[in-house]
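Order-wise, the sequence lines are chains E and Y. With positions in the first sequence counted from 1, the corresponding number in our numbering is that position plus 54. With positions in the second sequence counted from 1, the corresponding number in our numbering is that position plus 54.
If you are wondering where the hints come from, they were derived from the structure by calculation, not from laboratory data. Just so it is clear, the structure is predicted and the values come from calculations on it, not from any experiment. The beta-carbon is built from N, C-alpha and C at its ideal position, and this holds for glycine as well. Hints are supplied without guarantee of correctness; some may be wrong.
[As the list claims (entries may be wrong)] Some chain E residues well away from chain Y (every beta-carbon gap over 12 Å; in silico):
| # | residue |
| --- | --- |
| 1 | 58 |
| 2 | 93 |
| 3 | 94 |
| 4 | 99 |
| 5 | 106 |
| 6 | 119 |
| 7 | 122 |
| 8 | 126 |
| 9 | 227 |
| 10 | 267 |
| 11 | 270 |
| 12 | 300 |
[What the hints assert, rightly or not] Ranges of calculated distance between the beta carbons of each label pair, as one might list FRET restraints:
| # | chain 1 | residue 1 | chain 2 | residue 2 | range |
| --- | --- | --- | --- | --- | --- |
| 13 | Y | 291 | E | 126 | 12 to 22 Å |
| 14 | E | 160 | Y | 111 | 40 to 50 Å |
| 15 | E | 107 | Y | 105 | 43 to 53 Å |
| 16 | E | 78 | Y | 259 | 19 to 29 Å |
| 17 | Y | 257 | E | 200 | 19 to 29 Å |
| 18 | Y | 94 | E | 115 | 37 to 47 Å |
| 19 | Y | 105 | E | 305 | 25 to 35 Å |
| 20 | E | 195 | Y | 275 | 37 to 47 Å |
Each chain is listed here by its residues.
Number of protein chains: 2
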Amino acid sequence: MTGSLVIVGTGPGDPDLMTPATRRALSGATDLVGYGPYLDRVPAGPSAQVRHASDNRVELDRARQALRLASAGRHVAVVSGGDPGVFAMASAVFEAVESGEPMWRDVDIRVEPGVTAMLAAAAEVGAPLGGDFCAVSLSDNLKSWATIERRLTAAAEGDFVIAFYNPASRARPDGIKRAFGLLGSLKAKETVVVLVRAAGTADATCIVTTLGAADTSVIDMRTLVIIGSSATRTIARPEGLPWVYTPRSEPGARS
Amino acid sequence: MTGSLVIVGTGPGDPDLMTPATRRALSGATDLVGYGPYLDRVPAGPSAQVRHASDNRVELDRARQALRLASAGRHVAVVSGGDPGVFAMASAVFEAVESGEPMWRDVDIRVEPGVTAMLAAAAEVGAPLGGDFCAVSLSDNLKSWATIERRLTAAAEGDFVIAFYNPASRARPDGIKRAFGLLGSLKAKETVVVLVRAAGTADATCIVTTLGAADTSVIDMRTLVIIGSSATRTIARPEGLPWVYTPRSEPGARS
């Protein structure tokens, strides 16, 4: 009895941003394992398909449950939002494989890439990720604040565009303030900042501001934050928000 | 006469990794503008659809052509590979808007996100982007080598996982060697390195190696390079390549 495990991401939320490969993987699964709200985005599958919904705080347990099911011959899809490899379930599954039952190494595992939140957020306002960029999770229940500070300091030093994932939650309201405080001491106050809530859904809202003027109190767990590099620019439009983009080229460097 | 301009990415190559939203945008366009090989990935559209293929070195010219067409009332899709906002055409379009005709600011512009190459490459081998990561283009015809060195040094300082785009071309065979040389002086020789050629296509090939042992001569313009953080790990499998992943959590930091 040979099972399988595919790790997928539903994309940012809009069903039209879920890839056909992911949709097919989902419809072919006997079992779906994932955080409830992500499972809710999955179209109805075969009537015998079993949904194992969980809360969002037990990633390794969920990964082990999926591996047990696949080892027992089920065809399991582990469901994340966005891309499953970016601050999501793929890493948890491989951590569970490494630390778990030896037979789990024989499981047929596949990862399907998806559209991760920062790409959808960037698309809402233009092309802020047009230059070199980095992605940092501000969740400090998985790593120390010292590591986050080290990463932010290096990102400022390298003048990267920075995308924050998991910028705030009820359990950690202060991290985002500390992050803005640190970056405010290292980067110009005029640095362009973009806050996109519910990127890639019909409810998306955007704020274009600066590092000096940003109101961090509006940032919640559904917000993707993009902090520009020194080159990130805005273009005023006749109406609505300005466009935001980061040029690919430096002045004078284009050959 | 009101035209429009949508900037899309075809994804890594496999048509099943192109989002339905992008497919719809492409089929609704009167004109497609893009680098020839990317246009070749676009399914046949309405018979009156015009394809304006160009070479890969004239991004700003291509952006201006698209804006002229849209200003004249055409419905234009600008076609990149991957995600259009990551080292691709979206940034060039906004640069052309800012520096171009005032009327171009009135054009109805939209960006559709897609699956960028590093996500497809990561999925081929596991979850190497599972922790904080950055993306750096090694193309030095758009920026100085000094900027690239500054970014790589900062990325090493911050212990980010690093994805290289545009790692090598016939015109720039030495950049990748210099990049590996620099990182080799800053990071452990045992750092996990992944080379994925043609990620997200039927021709994908992967090499899992280390910073000390990597053979940079096999890296070409279709290769996506991932350099691990100090936490990136491999898991041996009974057959085939090892899995590669970066844990989300630091030892001891999980609450």
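Which numbered hints are broken by the structure, listed smallest first? Numbers 12 and 17 - these are the hints that the structure violates, sorted from lowest upward.
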